[in-house]
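S.K.: One letter stands for each residue in the lines below.
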Amino acid sequence: PRGGSAAVMASPFSGALQLTDLDDFIGPSQECIKPVKVEKRPGSGVAKIRIEDDGSYFQVNQDGGTRRLEKAKVSLNDCLACSGCITSAETVLITQQSHEELKKVLDANKMAAPSQQRLVVVSVSPQSRASLAARFQMNPTDTARKLTSFFKKIGVHFVFDTAFSRHFSLLESQREFVRRFRGQADCRQALPLLASACPGWICYAEKTHGSFILPHISTARSPQQVMGSLVKDFFAQQQRLTPDKIYHVTVMPCYDKKLEASRPDFFNQEHQTRDVDCVLTTGEVFRLLEEEDVSLPDLEPAPLDSLCSGASAEEPTSHRGGGSGGYLEHVFRHAARELFGIHVAEVTYKPLRNKDFQEVTLEKEGQVLLHFAMAYGFRNIQNLVQRLKRGRCPYHYVEVMACPSGCLNGGGQLQAPDRPSRELLQHVERLYGMVRAEAPEDAPGVQELYTHWLQGTDSECAGRLLHTQYHAVEKASTGLGIRW
Amino acid sequence: MKDSLVLLGRVPAHPDSRCWFLAWNPAGTLLASCGGDRRIRIWGTEGDSWICKSVLSEGHQRTVRKVAWSPCGNYLASASFDATTCIWKKNQDDFECVTTLEGHENEVKSVAWAPSGNLLATCSRDKSVWVWEVDEEDEYECVSVLNSHTQDVKHVVWHPSQELLASASYDDTVKLYREEEDDWVCCATLEGHESTVWSLAFDPSGQRLASCSDDRTVRIWRQYLPGNEQGVACSGSDPSWKCICTLSGFHSRTIYDVAWCQLTGALATACGDDAIRVFQEDPNSDPQQPTFSLTAHLHQAHSQDVNCVAWNPKEPGLLASCSDDGEVAFWKYQRPEGL
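Top line first, the protein sequences correspond to chains A and B.
The first sequence begins at 1 in the UniProt record's numbering and counts up one residue at a time.
The second sequence begins at 1 in the UniProt record's numbering and counts up one residue at a time.
Here chain B stands alone, though its shape is the one from the complex (with noise of 0.2 Å):
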């Protein structure tokens, strides 16, 4: 396992202060981190090394905990602690705010674009999960406010390909929304986790879920259709999710992120121990009971809790981490011979 998870590079993107996330843009070409100096910088190659692009710095009044690009590319939306988010649009290296969305009561946990580009979901310490459409003229409206979770929601994920959309809670569990008529319905919640779930990740197919607890594990989540031919039971006409692998034993601490290569199908996990781990299915892997192996295990990847990875969508085995150190790593893996 030596070696399969090489440092390309380190940028002290949020210094004296704490990195929370990043969010590479559709194209691969650029990188946006968010921090506890309420700034968001993104961060673009110029040779070999990274460079500072961009800092939006008059957005928030608070911690922007999360950051993340809409399909098109042109757009970003920013997360903050003062409870708003932001959207700012991309004008070449110019990144203006034209839109802040208000209505959380506090903290702002998450944001994520649908695949559609339509719709965007937010998450709060106010327990609930926001569903907005933006139409013509960049005009956000709200669709559904959801109160399926039972404490602070920290994390939202939409499917890859269909309007499915996920989250994780401080309240141990993991909820899926569709629409339904004129509104937004929790169609199915994930029991399992000990303790908070903290983050998510769909699989390239959109088949399976990944979330990572405070409970140390990471679990793996597939979805069975209505009639499915394994004789999972089905309420009605929504699917039924059922955890088919626990990876336990791996973590010594609360895992903070997952994130699922869309390219190589290798699962990267941030976890509070300062470490960085890469799992792999193994080929011959039933797909009902699926084993993963570690792949890489790199102790020390951060001075402090990893809060963040992020697989380069273009570039396979590109992977970015930050920390609680205001530091952004740049990784280069590589899958191990004969793992």
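Pulled out of the complex, with its shape left as it was, chain A reads as follows (with noise of 0.2 Å):
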């Protein structure tokens, strides 16, 4: 997130979520509300807690024994859960999803039997694709062939692109939109409609307005948790395997997609499993790169791996409408066309207060049809959210992001300390933009699934395996008393 001076140490969460760095030490904080099971052991209740000098705690029993006690671990989905933690807490201990974890299964994958192997998965985002092109100056193909190449390498089996797990998410959004535009009659919570694939977003829209806001955001999956369905459901069923033995990783431009992959939502209880198990950052994959020792620009091309039968693709593919998926501009042009019969051939933005917050008007003989908006970045959405609250909001359908600029500048893409930050985003752009867009309807591949995965359209398994809930997170009154 790109808010404040960039001398400054910002956090690696979205300015939504305003996290402190998890790569630095830090202890429990005061504020954390998560009550820690702790397990009885039978015996006499008198024990003496005795602190060792490398700071580890043990218990004395009274005949002398000792035991040493497991320090209380918060974990991702706990601060998932609290509504001050996450926001405003001075320190908590949480255990990362990393590229060492990554390093762990497939480590365990050579030595393991191969009954207990896992078929290792990774799905790559757009964005963090273009931020490695940046920077390797490499095109998009090349980059894309190339880390198809090093995942394998280090012993991936699969390497997929979510672009195409995106062509889901755009088209649910605007099956969504219109069903609500038609249904404004019936419901007046119907509009606006607010998007959803920004997990920095979902997060600080489920703790800080909950009930209100909620009823207002796609149900949509986001494409990594739609590409989560798509491999641990679909292509777990075309490899013959139950959910639990793929590992899927995937590799977002920003530290809260891990938030997101760890809601329960997305946990399968049936086979114990999670939609997506690991997710790195483009960092993390740089680093994972370094600690590797291989060049990406010096590796060998690989042909890329596709989800849907066929010939691979010669390619990457994308969509129009920006770095943060396009969002609004497909689910204008469908209602457009869906609900006028008005072909819109290029949408024409206009900023507003500042370029994180721009407009976009279908008009017809004066009449406005159709008030959309993109608004990034966290200032962008309390005055959105403000709007709302006070009824005075005049769109039908708003793309919001936490990230000021989108997920091309997300926390977690790759920075250049030798370079101006605004160069580099950029040059993001310029290789993000350079990959061929294609229309959700028309990509191949999607009809059939819809099909055959899916059983239909709107059928109960489209809205189960593309759609998703929110939870509004009550505010723990902390009792602690008057702050300073």
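Incorrect hints may have been included.
Said to hold, decoys possible - Label-pair restraints from in silico Cβ distances:
(1) B:Gln304 x A:Lys104: 56 to 64 Å
(2) A:Ile51 x B:Pro336: 51 to 59 Å
(3) A:Gln184 x B:Cys97: 32 to 40 Å
(4) A:Lys103 x B:Glu58: 53 to 61 Å
(5) B:Val55 x A:Ile342: 56 to 64 Å
(6) B:Ser205 x A:Ser421: 29 to 37 Å
To be verified - Over the 12 Å line for every Cβ pair with chain A, so calculated as not near, a few chain B residues:
(7) Gly103
(8) Pro204
(9) Pro283
Said to hold, decoys possible - Subject to a maximum C-alpha distance of 30 Å in a straight line, what follows is the list of computed BS3-like cross-link-like pairs (lysine-lysine):
(10) A:Lys389 x B:Lys90
(11) B:Lys89 x A:Lys389
(12) A:Lys104 x A:Lys48
(13) A:Lys104 x A:Lys152
(14) B:Lys314 x B:Lys90
(15) B:Lys332 x B:Lys314
Simulated from the structure, these hints should not be mistaken for lab results.
Since the structure is predicted, the reported quantities are computational estimates derived from the model, not experimental observations.
Using N, Cα and C, we set each Cβ at its ideal position, and we do this for glycine too.
Make the complex out of the two chains shown on their own, each in a separate frame, by following the hints.
M.R.: Structure (structure tokens):
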């Protein structure tokens, strides 16, 4: 997140989350209300506690026997549920998903018997790829092919592109908007519809404005989580594996995506497995390359994997409408066509108070038919939410993203200390835009999946695998008394 | 130094509670006080005494920590531990809450109006400083959320004539901010205090900034523009700020507030040792290394911590103070002879 001075060590999470840097060792916060389960062991109730020189705690029983006490750990998942800790905490001890985790799984695979091995799948986001392309001075196609090569070299079995799962996110968003727009007469809360792909925005909305804002947020899953469904349901079936036998890693431009992957809604109870097991930021992939002592540009390019049957793609594809997925553009053009029979060739944006807040209108004979906006960054999200609360939001749809300048500027993207950040961002945007855009309706493999995997576009399956829910977090009153 | 600070009167402004802060209106005719009783009181003179002209009681759910008048004097902003900032519009003796600014995650610690009257700044225990813009229809929009501090932000204050914002924090630093393109950025960090910085005050010219701290010192900082004669290094086009004077050894407890009189240049402090002190710059003081002398030291100004001191903007020497004891006191300061 780029909001203040570049000289200040900014939090890796989006401005909306404001968590302290996970890389530093930190102690537990006094704000943490997470109750930790302590296993009660049988025996006499009286014991003393001894603190060793290294800081570990030992329980000393009456008979002199000792037992090392476990440190209370707070997981990412716990943090999501807590109201005070994640956004205003001084310190929290969190177990982090990281490239170390991936290496552990790959190493375990090498040692394991074939029946115990896991199929490792990596899904790379177009934004992460663009950031790596900029860093290594390569074009997106070469970057995609060489990344595939690298991952397979270290033991990954398949490498996919989340631009494919994004087709579904966009299609579902389009359909949802048209449905809501048509149903306005029946349900006043239907509009505005707010985009749901950004977990920084979602976490903020759940914690701060709860039941007021949540009905307005699109239920369409983000490309990361659609890919989770695709890999752990469709692909697993194809590979004749249970979902827990697949280790699914995604490569994302921000840390907030790690929280998204940890949501209970994306945990498969039946098979006790997450739809996305591990999220690596672009920076963590870069570290992995360094630790493996691999120079990405020097690798032989590998053919790209594809989830849909048929020949593997020659080059990656993308979507129009900017580096955050293009939700506004896709929903706008689809709605214009579906609701009003109007074909929109180019979408014209009008900047408002700052470059992260822009609007788009569809007019006919002086009447405004559609009024959409994009609101990136915390200050614009604030203003949007306040307007909504006062009933003064004029928009039908808003593409909300937590990071100023959108996903290409996410907190997990590669930085270049020797380059002005604005120039680097423009370079990444250019590389991102170089990839051929494809309309989701026309993308090969998508319709087939709707038919064969999901049994139809509005099926129960589609609802379960392509949509999600949100949960308002109650603000716990701390009762810790007056704060100075 | 005896008689340099004389008590004019006391009022039990926030009975059974703390009085946290005071603000004189630009005309110097009214004093707003706020406290732990969640109320704001507006005081005015009637003859020789100060009477309560209005009570603003329906605005906040928790302690009101600071109040600030708009430059035009028609609005009052109040910052509260309930995480909101209320904007009150004055209609003779009545005040109506016209907007409530939400967004901070927890206690709002301070609010301040920019000299133009179009911008407002708030800061909070959530470590952020927000800049708000107000339009012709009294609508407020958040213009920037600044996350430069690493701890609770205690105070914000604007430069007297420029759109330059300063903030003080529990992270022991003072930060300065200015507008850059369509956002605000932190353009300077002032380090030196060894503990929480509680308050700030610019001198009448805006060239110097005073800060007070839990480390029991007051520091004076001076702004040096790029290409300055003194050869103070600047990075890029941003001015540099250097600490040119430290007042130490005068206060025995935390200094909670500092106020720089825009008429006389006198510096007043509010201290946790229940005392009020006044300092003045020595007549032949070197601008790059000024010296200040203690010209008033009133022990037991209040029966508990003094939280705020405020100079009247129109009447030289008229000082108001308030305390954890819930009282507001009015003082007359006269620079002692020969000092």
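S.K.: Now tell me if each hint is right for this structure.
M.R.: Hints and how they fare:
no.: 1; hint: B:Gln304 x A:Lys104: 56 to 64 Å; in the structure: holds (58 Å)
no.: 2; hint: A:Ile51 x B:Pro336: 51 to 59 Å; in the structure: holds (57 Å)
no.: 3; hint: A:Gln184 x B:Cys97: 32 to 40 Å; in the structure: holds (33 Å)
no.: 4; hint: A:Lys103 x B:Glu58: 53 to 61 Å; in the structure: holds (60 Å)
no.: 5; hint: B:Val55 x A:Ile342: 56 to 64 Å; in the structure: holds (58 Å)
no.: 6; hint: B:Ser205 x A:Ser421: 29 to 37 Å; in the structure: holds (35 Å)
no.: 7; hint: Gly103; in the structure: violated (5 Å)
no.: 8; hint: Pro204; in the structure: holds (29 Å)
no.: 9; hint: Pro283; in the structure: holds (38 Å)
no.: 10; hint: A:Lys389 x B:Lys90; in the structure: holds (26 Å)
no.: 11; hint: B:Lys89 x A:Lys389; in the structure: holds (22 Å)
no.: 12; hint: A:Lys104 x A:Lys48; in the structure: violated (37 Å)
no.: 13; hint: A:Lys104 x A:Lys152; in the structure: holds (15 Å)
no.: 14; hint: B:Lys314 x B:Lys90; in the structure: holds (20 Å)
no.: 15; hint: B:Lys332 x B:Lys314; in the structure: holds (13 Å)
Checked against the numbered hints above, the structure breaks hints 7, 12 and satisfies the rest.
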